[in-house]
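Student: Sequence:
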Amino acid sequence: MKVIFNRQAISDAVAPLMSVVSNKSTLTAVEGILIDARADGFCEMTTFDTVKGMRVVTEAEVEEPGKYIINAQKFVQTLRVMEGDFVTLTVDDKLQACIASGKSSHKMNALSGDDYPEIPKLKTVDGFVIGQAVLKRMLSKVMYAMAANDPRTVLNGCYFRITEGHLLAVACDSFKLAKCSADVEIENKNEDGSKLSFSLILPTKTVNELFRLLKDDERETVRVYLTRRNIVFYIGSLIFFSRLVDGVYIDFERIILNTHRIFATVNRENMIAALDRAALVTEEKVVGSVRSHVKLLFEEDLLKISAVSTLGSTYDEVSIDHEGDDLLIAFNNRYLIDSLRASDAERVKISMTSALTSINIEPVAPEEGTQELFMLLPVRMKE
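Basically my numbering = 1-based index in the sequence shown + 5.
Quick caveat, the hints were computed from the structure, so don't treat them as lab data. Watch out, some of these pointers could steer you wrong.
Straight-line Cα separation of at most 25 angstroms, SDA-like style, residue types lysine to any residue; simulated pairs [claimed, not checked]:
| id | residue 1 | residue 2 |
| --- | --- | --- |
| 1 | Lys-300 | Leu-316 |
| 2 | Lys-7 | Asp-90 |
| 3 | Lys-112 | Asp-17 |
| 4 | Lys-220 | Gln-137 |
| 5 | Lys-128 | Val-250 |
| 6 | Lys-126 | Thr-31 |
| 7 | Lys-200 | Ala-138 |
| 8 | Lys-108 | Glu-64 |
| 9 | Lys-141 | Asn-193 |
| 10 | Lys-79 | Leu-100 |
| 11 | Lys-220 | Glu-190 |
| 12 | Lys-29 | Lys-112 |
| 13 | Lys-128 | Thr-168 |
| 14 | Lys-126 | Ile-191 |
| 15 | Lys-200 | Glu-169 |
| 16 | Lys-200 | Thr-168 |
| 17 | Lys-300 | Glu-322 |
| 18 | Lys-300 | Ser-311 |
| 19 | Lys-354 | Ser-311 |
| 20 | Lys-72 | Leu-84 |
| 21 | Lys-79 | His-111 |
| 22 | Lys-194 | Ala-152 |
| 23 | Lys-112 | Val-86 |
| 24 | Lys-72 | His-111 |
| 25 | Lys-72 | Arg-43 |
| 26 | Lys-210 | Leu-316 |
| 27 | Lys-210 | Met-148 |
| 28 | Lys-141 | Gly-241 |
On a predicted model such as this, the values are computed, not experimentally measured, just so you know.
Using the sequences plus the hints, can you model the full thing?
Tutor: Encoded structure:
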């Protein structure tokens with residue numbers, strides 16, 4: 006194989022691929038970039054950690070087609086220190102790769118492209134097109150509630166239900182739940198003409214990477230293709246693909262309480278500011294210390310926020326509109342802040358029943374065609 010790249014173009018193309026390169030696998034092949042130089046003057050470069058992967062296609066001067074694996078870290082580091090405008094990559098029959106630019110050259114070992122793990126099918130008959138900004142906004146509201154290492158595998162990700170003109174996203178762990186739905190424009194790509202109807206669970210790491218790749222531009226779209234086990238996103242010139250979490254998601258509607266008797270309406274930014282001040286006490290940095298909780302006392306037209314730890318104590322007050330009995334309840338401060346920040350409403354409604362039951366946080370005036378709900382479990386207060 007012999008390929009000549011524009012050095013800046015190949016550096017820009019390889020950069021996003023590095024986010025899905027595995028450094029902990031027992032498979033040497035997944036530590037590399039699969040480079041497939043085609044006779045038509047295009048070069049496919051793929052990285053895949055056996056769960057999620059990415060592919061870019063870039064133009065190149067292909068003098069000898071070939072398909073080989075080059076160590077990703079060494080390849081990027083070599084490109085970074087080269088000084089010429091063009092880079093020539095050659096791989097000989099003995100699997101010796103040479104990267105040359107100007108008067109500089111660097112040699113390393115390569116692997117045969119046949120050693121690379123099987124890559125999922127990147128285009129299917131089932132799929133849809135959705136705006137990048139819409140999908141990114143939905144992810145931003147729920148991804149904080151995803152679990153990472155929960156023994157219940159289905160919680161280690163984000164649940165999506167996609168139907169004609171409607172998108173639902175849910176994430177949940179042992180302490181918090183986030184649910185967001187919206188009426189959105191979704192273009193059906195099912196080639197058999199069937200109605201759009203998909204349910205799937207994206208792994209936590211896939212959601213985090215997808216969020217990073219999506220743009221806020223309302224004009225940009227993403228094409229999505231699905232199989233029973235995999236999902237593929239076409240985002241501009243990038244192809245991002247991932248395995249899905251296998252299993253049936255929890256019955257989240259059943260665990261959301263809708264019989265609360267105590268309600269408080271509060272300015273969201275004011276409450277977050279008060280909780281951020283409390284975080285100076287609750288988020289201890291001392292080795293071996295246990296984070297303390299924050300106490301909320303809903304009393305008449307005031308929310309009294311307090312916390313005590315080995316670092317000191319804090320007290321704050323925020324004005325509220327209050328219905329029902331007074332209530333003293335405690336939370337993990339970071340979880341409460343994350344739940345409030347997930348919404349972008351000016352004022353939120355907090356629904357409660359007792360100091361030991363979950364609360365619901367919802368926008369007072371949601372945007373038309375959208376629904377948001379953030380549920381959080383309290384912590385038991387120390388005597």
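Student: For each hint given before, does the structure comply? Return the numbers of the non-compliant ones in rising order.
Tutor: Going through the list in order, the structure violates hints 22 and 26 and respects the others.
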